[in-house]
Amino acid sequence: MTTADPRELGLPEDAMRRLAEMRPGQATSLFTSDLSVNEFLLVREAGFRPLGLVLGSSIYHVGFQMGRWNKNQELTTLTQAMYHARELAMTRMEAEADVLGADGVVGVRLDIEFKEFGNDLAEFVAVGTAVAADAPPPTGSGWRNNTGKPFTSDLSGQDFWTLVQAGYAPLGMVMGSCVYHIAHQRFWQAMGNIGQNTEIPQFTEALYDARELAMSRMQAEAEQLQAEGIVGVQLLSLPHKWGGHTTEFFAIGTAVRALRDDHVIDRPQLVLPLTDR
Amino acid sequence: MSQWDARGLPPAAQARVERAQHGGVRTSLLSASAAAAIAELGLEPVGEVMGCVVEHIGWGGMGCGMYGAWGGVQYGYAQTQTSGGGGGYGGYAPYVNALYYGYEHALHRLLLETQALGGDGALGIGWTQQRLDEAGNREFVAIGTAVRARSTARPAHLFATDLDGPDVAKLLHGGWVPAGLVIGISVGVRHDDYYTRMQARPWSNTNTEVSGYTELVTHTRADAREQFAARAARIGGDAAIVSNMTLHISEVEPSDGHRDHVATSTVTGTSVARFHRDAAAPTDTLTVMPLRTLSSRSLPSRSRP
Numbered sequence: 001m002t003t004a005d006p007r008e009l010g011l012p013e014d015a016m017r018r019l020a021e022m023r024p025g026q027a028t029s030l031f032t033s034d035l036s037v038n039e040f041l042l043v044r045e046a047g048f049r050p051l052g053l054v055l056g057s058s059i060y061h062v063g064f065q066m067g068r069w070n071k072n073q074e075l076t077t078l079t080q081a082m083y084h085a086r087e088l089a090m091t092r093m094e095a096e097a098d099v100l101g102a103d104g105v106v107g108v109r110l111d112i113e114f115k116e117f118g119n120d121l122a123e124f125v126a127v128g129t130a131v132a133a134d135a136p137p138p139t140g141s142g143w144r145n146n147t148g149k150p151f152t153s154d155l156s157g158q159d160f161w162t163l164v165q166a167g168y169a170p171l172g173m174v175m176g177s178c179v180y181h182i183a184h185q186r187f188w189q190a191m192g193n194i195g196q197n198t199e200i201p202q203f204t205e206a207l208y209d210a211r212e213l214a215m216s217r218m219q220a221e222a223e224q225l226q227a228e229g230i231v232g233v234q235l236l237s238l239p240h241k242w243g244g245h246t247t248e249f250f251a252i253g254t255a256v257r258a259l260r261d262d263h264v265i266d267r268p269q270l271v272l273p274l275t276d277r
Numbered sequence: 278m279s280q281w282d283a284r285g286l287p288p289a290a291q292a293r294v295e296r297a298q299h300g301g302v303r304t305s306l307l308s309a310s311a312a313a314a315i316a317e318l319g320l321e322p323v324g325e326v327m328g329c330v331v332e333h334i335g336w337g338g339m340g341c342g343m344y345g346a347w348g349g350v351q352y353g354y355a356q357t358q359t360s361g362g363g364g365g366y367g368g369y370a371p372y373v374n375a376l377y378y379g380y381e382h383a384l385h386r387l388l389l390e391t392q393a394l395g396g397d398g399a400l401g402i403g404w405t406q407q408r409l410d411e412a413g414n415r416e417f418v419a420i421g422t423a424v425r426a427r428s429t430a431r432p433a434h435l436f437a438t439d440l441d442g443p444d445v446a447k448l449l450h451g452g453w454v455p456a457g458l459v460i461g462i463s464v465g466v467r468h469d470d471y472y473t474r475m476q477a478r479p480w481s482n483t484n485t486e487v488s489g490y491t492e493l494v495t496h497t498r499a500d501a502r503e504q505f506a507a508r509a510a511r512i513g514g515d516a517a518i519v520s521n522m523t524l525h526i527s528e529v530e531p532s533d534g535h536r537d538h539v540a541t542s543t544v545t546g547t548s549v550a551r552f553h554r555d556a557a558a559p560t561d562t563l564t565v566m567p568l569r570t571l572s573s574r575s576l577p578s579r580s581r582p
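In order, the protein sequence lines correspond to chains A and B.
In this text, residue positions in the first sequence follow our numbering: the first is 1, and each later residue adds one.
In this text, residue positions in the second sequence follow our numbering: the first is 278, and each later residue adds one.
Any given hint could be a false lead.
Stated by the list, open to error - Okay, the calculated beta carbon distance ranges per label pair:
1. A/Asp-262 - B/Gly-403: 22 to 32 Å
2. B/Gln-407 - A/Asn-119: 26 to 36 Å
3. B/Gln-407 - A/Leu-270: 39 to 49 Å
4. A/Ala-132 - B/Thr-483: 35 to 45 Å
5. A/Gln-158 - B/Glu-416: 51 to 61 Å
Claimed, not checked - Keeping only pairs whose Cα atoms sit at most 25 Å apart, straight-line, the calculated SDA-like set for lysine to any residue is:
6. B/Lys-447 - A/Gln-158
7. B/Lys-447 - A/Thr-162
8. A/Lys-115 - B/Arg-408
9. B/Lys-447 - A/Pro-273
10. A/Lys-241 - B/Val-539
11. A/Lys-115 - B/Val-529
12. A/Lys-149 - A/Gly-101
13. B/Lys-447 - A/Lys-115
These are computed hints drawn from the structure, not numbers from a lab.
All C-beta atoms in this analysis are idealised placements derived from N, C-alpha and C, irrespective of residue type, glycine included.
Bound conformation, chain B alone:
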């Protein structure tokens, strides 16, 4: 068996695409209602598509940038270093770039399959990453359904979205088309300075904001949101619909008596472009009363930021 050079599609994926081109059977990950919804709007599923990358992330970042002769700033104010901040001695920029590479390359391979199947884009994309082992190997996967529009025009770049069939149908109906799937990632690190340690000390009966941690999560989230918006704008959309926002914060102890906190924030969503020509979107919402029992109050299910 010859070794694949990591360019284009892996041999197995290539073979699957060729099989799909010859056979008549179309696969898709769509539910029945999703398939009906997009067919009504003129999108046909052409196949289930996937992209996958296994990446070795060997270097996790430098820490808070407070080492050396100063002894880690025992009594001054520490500052948050975000991966998107540029410069600085600490920071996790190389680590974040590795994550971007993984996500975006998995998506790129998914779109290569989409293109080979004659699709105009892919929808309902699940975009995930997981650690394979403790040695720093991670797998990034994008999986979705390729669709082709009943249209004479073809997009300049294939579209991609994590929205499912009914949502895409609603958007198209309202005069918006999904353009691309976007992720913004940021990792911030901040040294636990004297003030932070005092504010967060256990068993104290005072109510107080821990300003250092608040600064860390605020700056990290702001950086992830900025990166997300910049990447969505680069695709050329008019709006971006955030589908998921996560923040994880943990404690690291790079050396004895020196404690930092590291926050990781991701923002995922779809960049959408407007195609209706009037000032107002074409809508015809009806007041309807569904004949079913509601199990609970019908709040939209969204994740925690």
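This is chain A alone, in the form it adopts within the complex:
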């Protein structure tokens, strides 16, 4: 019964029978998960069992720092705050996963929300689903990474499934942050540009510098995990609430290692979806 009509399999019959057997209040070993249905089904198919939802949070007072009006510079106090607070949230989430005996955490989201109350208060939240593998990996000592912590991944269920199918294992989420103040132009400089279409080399250079700092920091984290590469990288410019000239450049991705030598997946079939999305 490989491609049988689901109606012949009696799916609704089996499903309804299960619901008929159900007795409210009976003891079950229930787990919760924050995954979407796609992720829930695909993570299981990739050989992982969800153990439960894990979460870490930190409400952080981000120190006050002003950039010099006409200087391109990194605002190190703010960069450190973004690093430290994310680290606190991630570590707490990993600790919850560790208590559950997890091999990894999938579908991780890392969010920042500046609060309406107080000044410079932000909540950093990391949330994901802890999973345990059905079998040890074909190579290496286990699924956990070289720091002995459960692996973390912010890939979607589809991406995670494809990654494992292709013979890669996630090691951990890696990130690089840089809060940068871009100089304002001097008065005569700005006057000189009026009515002209011209590049402002000063601004271009600042954006290059800031992105480079964020990306190289992310790369350094991946090297520490002895990763082969980083997948699913997002490079974000987050203005937060520091005004137009101060921006956080944030690079985040999932560091991976190879599980085997060949990385071939089934040749995809082309499909024409009947839906818009």
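For chain A, the structure is supplied; the task is to place chain B on it using the hints.
Coordinates of chain B only, in the frame set by chain A:
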């Protein structure tokens, strides 16, 4: 017009159900693809169903439990009081119980309609609440589509889920059946003690975690998650899929110079039961490449916790 006694279905809903039983037209809130997906798996829509409760919530809670002769603990450590914590002088347990009553009663009325239409459960349920006025009246609404399974067995209790047609179809195909819609709610309150005020003081150039607020949100979320898991387990499922997690934190000033912070956390999701007998779920995922342009990176859309 006679007064309805708030038992069973309101007269208008009763009349609508009776009309549906006599007429041949079936209504549903399903999209075309959702309807096709569930029909393929053997579920037929039998009608659009709704449940609604308007509740007066007159008492909002007590505060942080730090009043009286102590003068509100100016220099000690405050503690978070959660509504599920039980005991304590403060706490918002009665308020949270009122919210539970609203949500669950709206769902109950939706399922009464489902039962009257001959359905086995309802899917795609939107579960909302809103304030009607400033006097403490709130409306809780559950609205969804009742479905009937092509099956000889009937469930012991009607199932309910906020997952839509395609998701339910995927779950059934993978050997899971939705069992019930669950919400976990918690309200926590914590007094702003000396340490909290120092850590959160404005214009300071030090980076520091505000441990009091962190404790407040961590305990409140943990309580909501526990309540959610306990309620999902009570239905008898094997897993619970969280679809939405919210947290709202605000400042209250019950008396002069006495400031508290109140956090409200809700966790909503579906309890699901496994019905495949093998150790592994029956799956046959194919590697496919959809022929369409992707507007952005295809990340699942989920809400912020």
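Structure-based check of all given hints:
Taken as a hint, the range 22 to 32 Å is violated for the pair A/Asp-262 and B/Gly-403, whose Cβ atoms sit roughly 47 Å apart. Take B/Gln-407 and A/Asn-119: their Cβ atoms lie about 31 Å apart, and the range 26 to 36 Å holds. Checked against the hint of 39 to 49 Å, the pair B/Gln-407 and A/Leu-270 passes, with Cβ atoms roughly 46 Å apart. For the pair A/Ala-132 and B/Thr-483, the supplied restraint of 35 to 45 Å holds, since their beta-carbon distance comes to about 40 Å.
Take A/Gln-158 and B/Glu-416: their Cβ atoms lie about 38 Å apart, and the range 51 to 61 Å is violated. This hinted pair checks out: B/Lys-447 and A/Gln-158 have alpha carbons roughly 14 Å apart, not beyond 25 Å. Proposed proximity of B/Lys-447 and A/Thr-162 is supported: the alpha carbons are some 18 Å apart, at most 25 Å. Our distance criterion of 25 Å between C-alpha atoms is met by A/Lys-115 and B/Arg-408, whose separation comes to about 23 Å.
Simply put, B/Lys-447 and A/Pro-273 have alpha-carbon atoms about 16 Å apart, close enough for the 25 Å limit, and the pair holds. Between the alpha carbons of A/Lys-241 and B/Val-539 the distance comes to roughly 24 Å, so the proposed pair stays at or under 25 Å and holds. Between A/Lys-115 and B/Val-529 the CA atoms are separated by roughly 15 Å; this keeps the pair inside 25 Å, and the hint holds. A threshold of 25 Å between alpha carbons decides the hint, and for A/Lys-149 with A/Gly-101 the separation of about 10 Å falls inside it, so the pair holds.
Of the supplied pair hints, the one linking B/Lys-447 and A/Lys-115 is violated, its CA atoms being roughly 38 Å apart against a limit of 25 Å.
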